[in-house]
Amino acid sequence: MNSEIATFKLSLFDEFIKSYKSINSLVSEVSEAFDQFLPALDRFFDLYEKLTENKMRNRDILMKWYKSAIVSN
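One gets our numbering by counting positions in the sequence shown from 1 and adding 9 to each.
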């Protein structure tokens, strides 16, 4: 089952959020999650960059946004 909602460039995240909020009714927890997502992702990429010594700033990073996900190990 593919519950993908959208694919967009990370650089366009703010535009995606504005568009998503305008067509969906969101509970406060979702708005809070959106507010925390970019800072958390930024910390992840900073760590990744330190570990791999790659410069990711000039790359087009594509994001896939899903309605739900199942995470298992």
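Quick caveat, the hints were computed from the structure, so don't treat them as lab data.
Glycine included, each C-beta is placed from N, C-alpha and C at the ideal position.
Be careful, since some hints might not be right.
[As the list claims (entries may be wrong)] Taking lysine-lysine pairs in the DSBU-like style, the calculated list, with each CA pair at most 35 Å apart, reads:
{"hint": "1", "residue 1": "73", "residue 2": "27"}
{"hint": "2", "residue 1": "30", "residue 2": "18"}
{"hint": "3", "residue 1": "18", "residue 2": "73"}
[Said to hold, decoys possible] Simulated DEER-style distance windows between Cβ atoms:
{"hint": "4", "residue 1": "73", "residue 2": "36", "range": "30 to 36 Å"}
{"hint": "5", "residue 1": "75", "residue 2": "27", "range": "27 to 33 Å"}
{"hint": "6", "residue 1": "14", "residue 2": "45", "range": "17 to 23 Å"}
{"hint": "7", "residue 1": "13", "residue 2": "35", "range": "23 to 29 Å"}
{"hint": "8", "residue 1": "32", "residue 2": "59", "range": "15 to 21 Å"}
{"hint": "9", "residue 1": "47", "residue 2": "76", "range": "26 to 32 Å"}
{"hint": "10", "residue 1": "81", "residue 2": "27", "range": "19 to 25 Å"}
How the hints compare with the structure:
no.	hint	in the structure
1	73 - 27	16 Å, holds
2	30 - 18	18 Å, holds
3	18 - 73	9 Å, holds
4	73 - 36: 30 to 36 Å	22 Å, violated
5	75 - 27: 27 to 33 Å	19 Å, violated
6	14 - 45: 17 to 23 Å	18 Å, holds
7	13 - 35: 23 to 29 Å	18 Å, violated
8	32 - 59: 15 to 21 Å	38 Å, violated
9	47 - 76: 26 to 32 Å	20 Å, violated
10	81 - 27: 19 to 25 Å	33 Å, violated
Of the numbered hints stated above, those contradicted by the structure are hints 4, 5, 7, 8, 9 and 10, listed in ascending order.
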